[in-house]
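**Q** Anchor point for the sequence shown: position 144 equals 144 in the numbering used here, and the numbering is continuous, going up by one each time.
The set of hints was computed from the structure by calculation and includes no laboratory data. Don't take every hint at face value.
What the hints assert, rightly or not - Within a straight-line C-alpha distance of at most 20 Å, the following computed DMTMM-like cross-link-like pairs (lysine to aspartate or glutamate) qualify:
no., residue 1, residue 2
1, K211, E160
2, K108, D36
3, K73, D48
As the list claims (entries may be wrong) - Label-pair distances were calculated between CB atoms; the ranges are:
no., residue 1, residue 2, range
4, G152, R178, 22 to 32 Å
5, F179, S92, 53 to 63 Å
6, G187, P163, 18 to 28 Å
7, A40, Q141, 54 to 64 Å
8, T139, N170, 21 to 31 Å
Note that the coordinates shown come from a computational prediction; the quantities given were computed from them, not determined experimentally. Positions of the beta carbon are idealized from the N, C-alpha and C atoms, including for glycine.
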Amino acid sequence: MSGQDKGSSRVLEHRLKGNIMNLVTGHYVSDSIKVDILDADSVIVASDYNHLNTSREYRNGDELIYQFDIPFKGAGNNFIVRLQHPDYDEVSYPVTVNGFSSDLGMLKIRKLSKFEKDVILGEVVVKASIVQVVNKGDTIQYNADAFAVAQGSMLDALLEKMPGVELRENGQIYVNGRFVDKLLLDGKDFFQGEQFVLLQNLPAYTIKNMKVLFCSMNVCGSNFAMSKQSKPI
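Assemble the whole structure, with the sequences as input and the hints as a guide.
**A** Written as structure tokens, this is what we have:
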């Protein structure tokens, strides 16, 4: 191994400092932005948060100065500074450290809009929008509004989106493997067993709720009851 290679792999002491600016407003960010320093292999070698620097203030007192100042040890001189906060878009900056201490100046970060935060929450945690399915004893209730179908779709497309529902030839409907005897609309069997006609001709947007009722065959069989939207979407 050459002397240059040995020197580049030595673990040295470094220090990085800088300020964090809101990309849109141009003001210092006072939120506790997490600052990670990663080496060339993307391994975190140090972490800290930006904080108020009480030794510097604008003369007019309009704005306080926030900064980070992080000592660390690492091999080589190429590192990555990563800024993270739940309310901001994560951003990374490649930096080259020459000497012991380096001032990175202003690093910009963009604050997320409320819509963006809601989307991230939905993807990472749980989609807490609309309950799709509720099981109540012998009844399974589907909320039709919770299932997205293409504009102009008919009832069959909506049913295919619902968990546990299977459409077979000639409009036969099975729910969790059990055959559904009747397809009711507002409590009435308009097509008297001709379910295929209803599946192909009833617009999906007109349906609000759908219930599957399983009971003893000598009482009622298995019914799929639908209620219409009070107002079309």
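**Q** If a hint holds in the structure, say so; if it doesn't, say that too.
**A** Against the structure, the hints:
no.: 1; hint: K211 - E160; result: holds (15 Å)
no.: 2; hint: K108 - D36; result: holds (15 Å)
no.: 3; hint: K73 - D48; result: holds (14 Å)
no.: 4; hint: G152 - R178: 22 to 32 Å; result: holds (30 Å)
no.: 5; hint: F179 - S92: 53 to 63 Å; result: holds (56 Å)
no.: 6; hint: G187 - P163: 18 to 28 Å; result: holds (24 Å)
no.: 7; hint: A40 - Q141: 54 to 64 Å; result: holds (55 Å)
no.: 8; hint: T139 - N170: 21 to 31 Å; result: holds (26 Å)
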